[in-house]
Amino acid sequence: MAKPDVYNFEISDQDFDDIVLTNSHKLPVFVLFLSPAIGSCISLENILIDYAHKFAGQFILARLDIDMYADAREKFNIQNVPTLMVFKDGEAVHEEVGVMTYESLAALFKQFGIYNLADELREQAKAKHSEGNTPEAVQLLSQAAKEDAGNVDIAMDMCQIFLDINLLAEAAELFTRLPDNIKEEKRPRFLIGQITFKKLALDTAGKAALSEKLASQPEDEDSLFDLAVCYIAEQDYDTGMAHLFKLLQNNPNAKGGGAKELALATINMLENMTPETANEFRRRLNSVLS
Numbered sequence: 023m024a025k026p027d028v029y030n031f032e033i034s035d036q037d038f039d040d041i042v043l044t045n046s047h048k049l050p051v052f053v054l055f056l057s058p059a060i061g062s063c064i065s066l067e068n069i070l071i072d073y074a075h076k077f078a079g080q081f082i083l084a085r086l087d088i089d090m091y092a093d094a095r096e097k098f099n100i101q102n103v104p105t106l107m108v109f110k111d112g113e114a115v116h117e118e119v120g121v122m123t124y125e126s127l128a129a130l131f132k133q134f135g136i137y138n139l140a141d142e143l144r145e146q147a148k149a150k151h152s153e154g155n156t157p158e159a160v161q162l163l164s165q166a167a168k169e170d171a172g173n174v175d176i177a178m179d180m181c182q183i184f185l186d187i188n189l190l191a192e193a194a195e196l197f198t199r200l201p202d203n204i205k206e207e208k209r210p211r212f213l214i215g216q217i218t219f220k221k222l223a224l225d226t227a228g229k230a231a232l233s234e235k236l237a238s239q240p241e242d243e244d245s246l247f248d249l250a251v252c253y254i255a256e257q258d259y260d261t262g263m264a265h266l267f268k269l270l271q272n273n274p275n276a277k278g279g280g281a282k283e284l285a286l287a288t289i290n291m292l293e294n295m296t297p298e299t300a301n302e303f304r305r306r307l308n309s310v311l312s
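For any residue, its number in my numbering is found by taking its place in the sequence shown, counting from 1, and adding 22.
Think of the hints as simulated: they come from the structure by calculation, not from any bench. Treat the hints with caution; some may be incorrect.
Stated by the list, open to error - List time: in silico DSS-like cross-link candidates among lysine-lysine, alpha-carbon distance up to 25 Å:
(1) Lys205 - Lys148
(2) Lys277 - Lys235
(3) Lys25 - Lys132
What the hints assert, rightly or not - Per label pair, the in silico range of CB-to-CB distance:
(4) Thr156 - Thr198: 15 to 25 Å
(5) Ala264 - Lys110: 46 to 56 Å
(6) Ser126 - Ala171: 24 to 34 Å
(7) Asp35 - Lys132: 23 to 33 Å
(8) Ala129 - Ser164: 17 to 27 Å
(9) Arg305 - Lys97: 45 to 55 Å
(10) Lys132 - Leu189: 30 to 40 Å
(11) Asp89 - Glu142: 31 to 41 Å
All values derive from a computational prediction rather than experimental measurement. The beta-carbon is built from N, C-alpha and C at its ideal position, and this holds for glycine as well.
Let the hints inform the model, and build the full structure from the sequences given.
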């Protein structure tokens, strides 16, 4: 089956009517008014170009440089850039001013009937899993995989669910099937970090036994270290890092430097998906070690 065309145009005030107004009777036209000198304009432009490929054939992207075509600023009353206007049937029907994220743009596209069914099923699966209905979440992801067999995000969603419900072997096996060229991206790095911590936790005595030992020996380095591993493996990062900070306060070289290495490994893993949390832990680690 032939792939649909990607409609992505740089336009001027001379061809605006032909590309935007005329074509808006066939498809929604998303017009980005931008200045190439402004970083937020380039960021939004790049996201929109990504969507033009993702939703090829479903909408038209038109990009107009208002530095080159200043008359367009006055004609369309553009006060700030980036400004995104949506045209349908020859009329501007929606306007957004300022930076937009992938998520906010996805919601906007959906208003105009532009969306990916597999992504919709992924969102439903995420909601079901968070509600505790994991079997239905798995079923929805299986349905999504049938809709879009090459979508690696679906495989990563499933891998995360396996980790959440402690199916480590299944998660590890699924991770190995991800394309090698994406394994250094942020989300796969976060997944392999979780897999690694869960494997490390299997080599400990377990939370219950370690907690019992610490009740009688609260400064025991091995128990504090291993319990930190267990909490981090369960995604209880605050508690896990608290144990490591306690270790490092007592002995900056705890476990022969292993406690510091474990703290840094956790921070580096979290940096991929929750940079704010990672930055806070890094600040606290530096404070403990200073």
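We went through each hint and held it up to the structure:
1. Note on lysine 205 and lysine 148: the hinted pairing holds, with a Cα-Cα distance of about 22 Å set against a maximum of 25 Å.
2. This hinted pair checks out: lysine 277 and lysine 235 have alpha carbons roughly 18 Å apart, not beyond 25 Å.
3. For the given pair, lysine 25 sits about 21 Å from lysine 132 by alpha-carbon distance, which is consistent with the 25 Å threshold.
4. Between threonine 156 and threonine 198 the C-beta distance comes to about 22 Å, which sits within the given range of 15 to 25 Å.
5. Look at alanine 264 against lysine 110: about 54 Å separates their beta carbons, and that is inside 46 to 56 Å.
6. For the pair serine 126 and alanine 171, the supplied restraint of 24 to 34 Å holds, since their beta-carbon distance comes to about 28 Å.
7. Between aspartate 35 and lysine 132 the CB atoms are about 30 Å apart, so this pair conforms to the stated range of 23 to 33 Å.
8. Range check, alanine 129 to serine 164: about 25 Å between beta-carbon atoms, so the 17 to 27 Å window is met.
9. For the pair arginine 305 and lysine 97, the beta carbons lie near 49 Å from each other, so the given range of 45 to 55 Å is met.
10. For lysine 132 paired with leucine 189, a C-beta distance near 32 Å keeps the hint of 30 to 40 Å intact.
11. Between aspartate 89 and glutamate 142 the C-beta distance comes to about 38 Å, which sits within the given range of 31 to 41 Å.
The structure agrees with every numbered hint stated previously.
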